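*Asks:* Please model the complete structure; the sequences and the hints are all you need to start from.
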Amino acid sequence: MNIQEYISSGIVESYVLGLASEEERRELERMCAGHPEVLRARIDFELAMEKQAMANAATPDPGVKDKIMNEISGGGKVVSMKASPVRRINGWKYAAAACIALLAGSIYLNISLSGKNKKLKGDFDNTVAKLNDIRKDVDMLRGRPEVKMASMKGTPESPQSYTTVYWDTASHDVYLLVNNLPKPADSLQYQLWALADGQPVDLGFISDDYFVRQDKLLIKAKNAQKAQAFAITLEKKGRPDAKTPAGKMYVLGNL
Amino acid sequence: MNLKTTYSEQELVALLQQRDQQAFSYLYDNYSGALFGIVHAIVTDREAASDVLQNVFINIWKKIESYDASKGRLFTWMLNIARNAAIDEIRSKGYRDAQKNQPLGENTEIAGSAYGPAVSDVGLKKLLGKLKEEWRVLIDLSYFQGFTHEEIAKMLSLPLGTVKTRIRSALIHLRTMIQ
Chain P
1 MNIQEYISSG
11 IVESYVLGLA
21 SEEERRELER
31 MCAGHPEVLR
41 ARIDFELAME
51 KQAMANAATP
61 DPGVKDKIMN
71 EISGGGKVVS
81 MKASPVRRIN
91 GWKYAAAACI
101 ALLAGSIYLN
111 ISLSGKNKKL
121 KGDFDNTVAK
131 LNDIRKDVDM
141 LRGRPEVKMA
151 SMKGTPESPQ
161 SYTTVYWDTA
171 SHDVYLLVNN
181 LPKPADSLQY
191 QLWALADGQP
201 VDLGFISDDY
211 FVRQDKLLIK
221 AKNAQKAQAF
231 AITLEKKGRP
241 DAKTPAGKMY
251 VLGNL
Chain V
256 MNLKTTYSEQ
266 ELVALLQQRD
276 QQAFSYLYDN
286 YSGALFGIVH
296 AIVTDREAAS
306 DVLQNVFINI
316 WKKIESYDAS
326 KGRLFTWMLN
336 IARNAAIDEI
346 RSKGYRDAQK
356 NQPLGENTEI
366 AGSAYGPAVS
376 DVGLKKLLGK
386 LKEEWRVLID
396 LSYFQGFTHE
406 EIAKMLSLPL
416 GTVKTRIRSA
426 LIHLRTMIQ
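Sequences listed follow chains P and V, in order.
Under the numbering used here, the first residue of the first sequence carries the number 1, and numbering increases by one thereafter.
Under the numbering used here, the first residue of the second sequence carries the number 256, and numbering increases by one thereafter.
Because the hints were derived from the structure by calculation, they are not lab data.
From a predicted model like this one, the values you see are computed outputs, not experimental measurements.
Please note that a few of the clues may not be correct.
What the hints assert, rightly or not - As a list, the in silico DSSO-like pairs of lysine-lysine whose alpha-carbon atoms are at most 30 Å apart:
(1) P:Lys65 with P:Lys121
(2) V:Lys419 with P:Lys237
(3) V:Lys387 with P:Lys183
(4) V:Lys317 with P:Lys119
*Replies:* Structural data, given as structure tokens:
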């Protein structure tokens with residue numbers, strides 16, 4: 001590969017944007033050291049990115065700077081307790097100063113600990129909430145008698161696809177477990193249907209977010225009053241008549 | 256009192272490495288907006304994005320010693336610190352829980368709630384919109400969401416080589432758009 005090809009291979013951009021692998025990084029650094037054209041290309045792209053970022057700056061809240069400046073100027077350090085000689089008889093003012101320093105340090109610590117406490121409490125609450133969600137999911141999966149299950153097998157359209165619906169016949173809640181579904185193109189989304197007396201009933205869409213994060217076990221759909229079977233179709237986003245299936249069917253399963 | 260109001264990049268780095276707070280204040284005034292722009296494009300929650308920005312600057316202050324000008328410009332270095340911190344944030348449990356598990360309902364267009372409408376139409380994200388679909392997704396996943404090429408290949412069921420080539424092509428195109 002000649003230098004020009006190397007420069008226009010996308011490696012320079014990868015490097016600057018932090019997307020290059022360790023090996024690619026080392027290679028580019030070596031190339032920059034040996035070939036001024038490569039260095040030039042890197043700097044040009046860096047400047048272009050900088051300009052781009054500057055042109056799209058967003059103003060942070062005014063308090064942020066104060067917090068940062070305070071932190072870096074040692075606001076984060078507790079006032080030194082190695083105060084001056086208190087043992088001198090005439091040392092009351094030192095003692096007083098030390099007390100004030102102690103007080104200030106203690107107030108600072110209180111504030112900072114209370115902040116930390118709040119954060120820990122928040123983290124803890126989040127964890128508990130998450131755990132409860134998972135517990136609910138597990139309860140659903142554990143097979144209570146009123147929960148019916150439908151294994152939805154892939155249609156010829158997508159034989160690998162496989163999902164499972166859990167339908168609580170008492171509460172009418174419907175939960176979907178995606179065992180395997182290909183990620184849809186951005187203009188498309190999956191829609192879940194109940195089939196009741198031969199009629200499709202819309203149970204909602206699977207959000208794109210699900211495919212990106214994949215941090216959910218069960219997806220809660222809309223309630224179904226009645227169902228003999230469930231199906232998922234792949235639909236165009238924003239179609240006007242969302243209550244009628246129009247796209248291809250991916251999975252289908254009877255109760 | 257130093258009344259100087261502009262610094263060359265070299266001067267700025269030298270002063271920062273000597274722990275000059277005035278230079279740091281200047282750095283903040285000049286670059287916080289651009290860095291906040293990128294952080295907020297990744298972390299949509301404004302309050303969380305502000306916290307990330309705060310940590311980014313504190314990290315810049317702490318790590319300035321390790322900045323190596325031969326490897327890139329100061330801004331590039333800071334931008335990467337900002338992007339990494341933002342990605343760490345959206346991957347943290349606390350942040351994900353805060354915006355989790357909306358039940359499917361009438362408002363099911365929560366698609367892509369990782370970045371709300373407020374920021375999806377500005378900046379690099381706006382540029383992204385001009386890329387063709389297969390590129391846009393790849394840049395979004397790799398740059399804005401921090402997935403490795405391997406993870407993306409698995410996610411999209413594409414061969415790793417294809418993911419790499421497409422990301423490169425997308426970046427080359429992106430370059431022609433911003434230069």
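*Asks:* A separate judgement is required for each hint: does it hold in the structure or not?
*Replies:* Results for each hint:
A threshold of 30 Å between alpha carbons decides the hint, and for P:Lys65 with P:Lys121 the separation of about 26 Å falls inside it, so the pair holds. Taking the CA atoms of V:Lys419 and P:Lys237, the gap is about 29 Å. The hint holds against a cut of 30 Å. Proximity of V:Lys387 to P:Lys183 is assessed by CA-CA distance (about 17 Å); at most 30 Å being required, the pair is judged to hold. Among the hinted pairs, V:Lys317 with P:Lys119 is consistent with the structure: their alpha-carbon atoms are about 23 Å apart, no more than 30 Å.
Violated hints for the displayed structure: none, as all numbered hints are satisfied.
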